[in-house]
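Protein chains in written order, with UniProt numbering: chain C, 1 to 350; chain A, 1 to 350.
No lab work stands behind these hints, which were simulated from the structure alone. Being a predicted model, the structure only gives us computed values, none of them experimental. All residues carry an ideal CB built from backbone N, CA and C; glycine is no exception. Hints may be right or wrong, so weigh each one.
Residues of chain A clear of chain C, computed beta-carbon distances all greater than 10 Å [stated by the list, open to error]: (1) Ser31; (2) Arg248; (3) Arg271.
If you anchor each label on the Cβ, the simulated ranges turn out as follows [what the hints assert, rightly or not]: (4) Thr70(C) - Pro33(A): 45 to 55 Å; (5) Gly61(A) - Thr101(C): 27 to 37 Å; (6) Glu27(A) - Ala48(C): 29 to 39 Å; (7) Arg271(C) - Asp250(A): 43 to 53 Å; (8) Thr49(C) - Ser142(A): 25 to 35 Å; (9) Gly61(A) - Thr70(C): 45 to 55 Å; (10) Pro73(C) - Glu23(A): 27 to 37 Å; (11) Pro73(A) - Arg26(C): 46 to 56 Å; (12) Gly189(A) - Glu217(C): 28 to 38 Å; (13) Gly189(C) - Val339(A): 52 to 62 Å; (14) Asp140(A) - Ala335(C): 41 to 51 Å; (15) Thr49(C) - Ser36(A): 49 to 59 Å.
Number of protein chains: 2
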Amino acid sequence: MTSPQPAETRTRGRSAQTATLAEIAREAGVSAPTVSKVLNGRADVAPATRARVEELLRAHGYRRRRAEATRSPLIDLVFHELESAWAMEVIRGVENVARETGLSVVLSESAGRLTPGRTWADQVAARRPHGVVLVLSGLDQSQRALLTSRSIPFVVMDPAGDPGGDVPSIGATNWQGGLAATRHLIELGHTRIGAISGPTRMMCSRARVDGYRAALETAGLPADPGLVRTGDFHHETGYRQGLELLRRPDRPTAIFAGNDLQALGLYEAARELGLRVPEDLSVVGFDDLPVARWVGPPLTTVRQPLTEMAEAAARLVLDLGRDEGSAAATRVELATSLVVRSSTAAPPVL
Amino acid sequence: MTSPQPAETRTRGRSAQTATLAEIAREAGVSAPTVSKVLNGRADVAPATRARVEELLRAHGYRRRRAEATRSPLIDLVFHELESAWAMEVIRGVENVARETGLSVVLSESAGRLTPGRTWADQVAARRPHGVVLVLSGLDQSQRALLTSRSIPFVVMDPAGDPGGDVPSIGATNWQGGLAATRHLIELGHTRIGAISGPTRMMCSRARVDGYRAALETAGLPADPGLVRTGDFHHETGYRQGLELLRRPDRPTAIFAGNDLQALGLYEAARELGLRVPEDLSVVGFDDLPVARWVGPPLTTVRQPLTEMAEAAARLVLDLGRDEGSAAATRVELATSLVVRSSTAAPPVL
Numbered sequence: 001m002t003s004p005q006p007a008e009t010r011t012r013g014r015s016a017q018t019a020t021l022a023e024i025a026r027e028a029g030v031s032a033p034t035v036s037k038v039l040n041g042r043a044d045v046a047p048a049t050r051a052r053v054e055e056l057l058r059a060h061g062y063r064r065r066r067a068e069a070t071r072s073p074l075i076d077l078v079f080h081e082l083e084s085a086w087a088m089e090v091i092r093g094v095e096n097v098a099r100e101t102g103l104s105v106v107l108s109e110s111a112g113r114l115t116p117g118r119t120w121a122d123q124v125a126a127r128r129p130h131g132v133v134l135v136l137s138g139l140d141q142s143q144r145a146l147l148t149s150r151s152i153p154f155v156v157m158d159p160a161g162d163p164g165g166d167v168p169s170i171g172a173t174n175w176q177g178g179l180a181a182t183r184h185l186i187e188l189g190h191t192r193i194g195a196i197s198g199p200t201r202m203m204c205s206r207a208r209v210d211g212y213r214a215a216l217e218t219a220g221l222p223a224d225p226g227l228v229r230t231g232d233f234h235h236e237t238g239y240r241q242g243l244e245l246l247r248r249p250d251r252p253t254a255i256f257a258g259n260d261l262q263a264l265g266l267y268e269a270a271r272e273l274g275l276r277v278p279e280d281l282s283v284v285g286f287d288d289l290p291v292a293r294w295v296g297p298p299l300t301t302v303r304q305p306l307t308e309m310a311e312a313a314a315r316l317v318l319d320l321g322r323d324e325g326s327a328a329a330t331r332v333e334l335a336t337s338l339v340v341r342s343s344t345a346a347p348p349v350l
Numbered sequence: 001m002t003s004p005q006p007a008e009t010r011t012r013g014r015s016a017q018t019a020t021l022a023e024i025a026r027e028a029g030v031s032a033p034t035v036s037k038v039l040n041g042r043a044d045v046a047p048a049t050r051a052r053v054e055e056l057l058r059a060h061g062y063r064r065r066r067a068e069a070t071r072s073p074l075i076d077l078v079f080h081e082l083e084s085a086w087a088m089e090v091i092r093g094v095e096n097v098a099r100e101t102g103l104s105v106v107l108s109e110s111a112g113r114l115t116p117g118r119t120w121a122d123q124v125a126a127r128r129p130h131g132v133v134l135v136l137s138g139l140d141q142s143q144r145a146l147l148t149s150r151s152i153p154f155v156v157m158d159p160a161g162d163p164g165g166d167v168p169s170i171g172a173t174n175w176q177g178g179l180a181a182t183r184h185l186i187e188l189g190h191t192r193i194g195a196i197s198g199p200t201r202m203m204c205s206r207a208r209v210d211g212y213r214a215a216l217e218t219a220g221l222p223a224d225p226g227l228v229r230t231g232d233f234h235h236e237t238g239y240r241q242g243l244e245l246l247r248r249p250d251r252p253t254a255i256f257a258g259n260d261l262q263a264l265g266l267y268e269a270a271r272e273l274g275l276r277v278p279e280d281l282s283v284v285g286f287d288d289l290p291v292a293r294w295v296g297p298p299l300t301t302v303r304q305p306l307t308e309m310a311e312a313a314a315r316l317v318l319d320l321g322r323d324e325g326s327a328a329a330t331r332v333e334l335a336t337s338l339v340v341r342s343s344t345a346a347p348p349v350l
């Protein structure tokens with residue numbers, strides 16, 4: 001985690017310290033305690049003053065020194081949405097690290113927006129956690145500046161979009177996972193293999209489908225665009241897109257479902273059409289949620305080590321907090337692995 | 001939520017205010033600021049002093065006045081364990097109320113013990129949340145005293161044990177749910193009905209099985225003790241106890257599985273033995289987790305409004321915090337309801 005930092009980052013770090021709190025105050029035409037109040041997220045500052053001070057903090061790349069920053073024994077965990085069974089695995093990972101280090105976890109949800117609201121950033125600034133782990137959720141420029149000026153480190157887990165080269169992030173080898181899932185189906189003898197992707201705005205779902213295409217191409221199989229559908233990682237679209245794929249006259253004999261919930265929706269579509277898994281249709285999921293073992297038939301899936309990824313993200317953000325200079329570009333991808341259960345078999349003899 | 005309080009509670013409330021902080025300090029032989037430090041969970045107090053002050057606070061039933069207690073914009077949510085898919089529904093409910101009221105949720109886990117550790121209570125005292133929601137997790141006497149002395153209200157959701165008459169709690173009508181599940185099976189024509197309960201130390205699982213027995217007795221059916229097995233609310237025991245029940249020569253034609261995860265384990269046991277659900281075996285779950293709709297066949301289950309229960313618990317704890325006098329006995333049970341899907345049918349004709 002403590003890789004050598006590029007020279008560029010160190011230089012930026014030094015220049016950031018040139019403006020002091022007193023200089024910011026002078027330039028803003030306010031007292032130093034007022035700047036301090038803004039930094040501490042106190043409510044008793046006029047909105048216009050606050051905006052002016054924030055703007056100057058950002059312009060000067062002001063960064064609070066360690067000694068000034070008294071931290072609460074908290075770590076913030078922010079989700080894009082709490083709907084998924086997925087979220088629990090992540091919470092458990094962050095909770096494990098928090099318990100080891102005597103911290104408590106503050107949980108919030110950006111409620112369907114991909115960046116948390118302005119109020120959220122103010123609350124974080126006010127409670128001064130040791131760090132922030134963002135799950136499938138990015139920060140805009142002003143939010144990043146706000147956290148940086150308070151010396152609150154952050155790490156993005158499994159980025160939905162391109163987090164930018166200098167944002168530390170923890171992901172999984174999504175492309176490799178899509179490749180492994182599809183190669184498994186090819187090795188079983190399938191040649192018409194469909195896919196249901198997650199939302200295209202998420203890098204992880206793009207990477208999975210690209211891995212699927214790479215497997216087809218390297219095996220010399222045609223990639224039929226009609227066999228690739230876009231979902232949203234929920235059960236419902238697995239069902240709907242599954243029905244469309246399976247009602248085609250040239251239906252696929254195997255489908256890479258993008259994630260486990262979509263695989264369960266696909267199971268339902270198959271049942272409705274009287275198709276048996278795996279005799280008539282092979283299905284591969286992605287994630288390996290607990291439920292993958294429990295469904296009938298137990299699901300072949302690509303295991304994503306969600307709890308370990310969350311642990312790594314929490315440890316990284318605490319590392320960054322201990323050594324402020326090391327906020328260098330850090331991108332870690334943990335390995336995915338294929339777990340073969342009972343939802344995949346050789347294609348039916350037609 | 002603001003029901004009239006019993007006289008006893010009001011009296012206790014008055015006498016609690018007779019000892020002041022200065023008096024506690026005098027009796028402990030320390031300064032008033034030292035007592036204040038203990039109340040604020042500060043680390044710079046000798047352990048022996050701290051213990052003496054805590055003991056006196058408890059003995060006098062000291063309760064911090066509203067004006068003294070500056071609260072952080074936090075609400076604490078404590079789980080017995082974060083394993084269950086169940087937990088997500090609860091987190092979502094508390095998160096909903098927190099968002100409405102501008103609070104953030106601090107999540108912790110009592111890690112398999114049924115009361116959270118001492119360190120946890122100290123951390124809560126130090127961060128001064130608006131309130132604490134405990135899920136399937138009780139507090140011991142000294143923890144209760146500690147929160148009470150800091151005027152931090154708490155509510156227990158779905159108590160595992162008997163929380164005591166004066167602990168505010170939110171539950172569901174577990175007994176009614178067990179009754180409704182079993183009556184549904186009786187109405188379909190089943191006469192040999194098994195049950196897999198949750199752990200017997202949890203009141204909710206006892207109540208469900210008692211409802212099951214009441215349904216059998218009021219229908220004039222014998223309650224065969226050999227058909228009732230004890231699980232732990234996890235998939236694995238549903239599977240193991242399911243195998244034992246289904247291997248009996250006089251196997252039941254229907255089983256009330258205690259919760260949804262045990263029902264899924266039971267599905268697996270039935271598959272392994274070549275029994276079809278619902279043709280050979282009817283299954284009823286409890287909870288109505290999202291997965292209940294997704295499995296094959298979709299599960300008939302008793303819906304427990306987990307998200308609404310969590311919302312009610314969060315609202316209650318905030319109400320208690322706003323009006324300190326109202327910490328009267330409060331026990332709310334939200335209604336459960338039977339959701340009939342495809343895992344139940346008339347018994348096989350033998």
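(request) Please name the hints from earlier in the document that this structure breaks, with their numbers sorted from lowest to highest. (result) 3, 4, 6, 7, 8, 9, 11, 12, 13, 15
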